[in-house]
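Residue numbers (this note's numbering), protein chains in the order written: chain A, 2 to 134; chain B, 51 to 130.
Among the clues, some could well be false.
Below, in silico cross-link-like pairs of lysine to any residue (SDA-like), each with a Cα-Cα straight-line distance of 20 angstroms or less [claimed, not checked]: (1) Lys112/A to Glu74/B; (2) Lys112/A to Gly80/B; (3) Lys92/A to Gln102/A; (4) Lys84/B to Glu96/A; (5) Lys81/A to Leu126/A; (6) Lys127/A to His99/B.
Derived by calculation from the structure, the hints in this document are not laboratory data. Given the structure is predicted, the values throughout are model-derived calculations rather than measurements.
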Amino acid sequence: MVNTNMKNLLLIPTLLLAGCSSLFSSPSTYDPVLYSRTVTLWFETQASATNCGTPAMQGQVLAFNRESKRLVKYTEYASKDLNSSLVLVDKDISEMNSIYQVGNPSVAYCKIKVEIISDELDTILKGMGGKSK
Amino acid sequence: MSYFDSFTQDADPIVSHSAQILEETTTQYGALSKAEYTELTGDLLDYNHVIANVTDIARQQYIYDSFQKMLTIVSTVLSL
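Model the full assembly from the supplied sequences, consistent with the hints where possible.
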C-alpha cells in the first residue's frame, strides 16, 4: 500500500518533468569528425605563427579560410549552437585572408590575430568536448 | 599612463578583458597601425562572444544531462 502510494507520488513529478522536456531541446551531441577537423584547424593556426612576416603566410591563411568555411557549412544544419561560434571564427579568418591577398600586414598584427583565432578555436573545442558522447 | 589604461579599467568586463589582451600582446609583439588596432579590437569582441556562446552551450548541456539523470532515477524507482 505504502509502496503504491510512493509510486503515485513519484508519478506526478515524472509527468510534470516529461511535460517540461519539450522546453529543453536536446543539445546536439558530440561529433568526432567536427572535433577532429576543429583540432586540425586549431593546430595549424597555432603552428603558422612562426611564419608571420614570411611569404608562406599568404597561402596558409587562404587554406585556413577554406577550412573555416567548410566547418561553417558542416555545422549550418547539424549544430546551430556551434555554428554561431564558427561563423565568428570564419569572419576573423576571412578578414585576415582579405588583408593577405592585397599585401603584407605587420608581424605584430599577424601574431596577435593568430593568437586570437587559436584561442577562439580552443574555446569552441572546450564546448564540443563537454557534449554528450 | 598607457594608451590602454582607461580601457583596462572599464566597468564593462568585455571591454576591460579585450583591452587587457590587446595591451599584453602589443607589448609582446609591437605597435600596430590604426586599421590593425580596429580590426583586432573587433576580433577580441568576437572572442568574448564565442566565450559567451560556449558557456551557454555548456549550461544547456548541464541542464539536459541533469534532466536525463532525474528521469532515469524516477523511472528506475517506478519500475521497482
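We went through each hint and held it up to the structure:
1. Lys112/A to Glu74/B: 12 angstroms, holds
2. Lys112/A to Gly80/B: Holds, because 10 angstroms separates the two Cα atoms, which is no more than 20 angstroms.
3. Lys92/A to Gln102/A: 15 angstroms, holds
4. Lys84/B to Glu96/A: Holds - the C-alpha atoms of Glu96/A and Lys84/B are around 15 angstroms apart, at most 20 angstroms.
5. Lys81/A to Leu126/A: 15 angstroms, holds
6. Lys127/A to His99/B: Holds, at about 15 angstroms.
The structure fails none of the hints (numbered hints given earlier).
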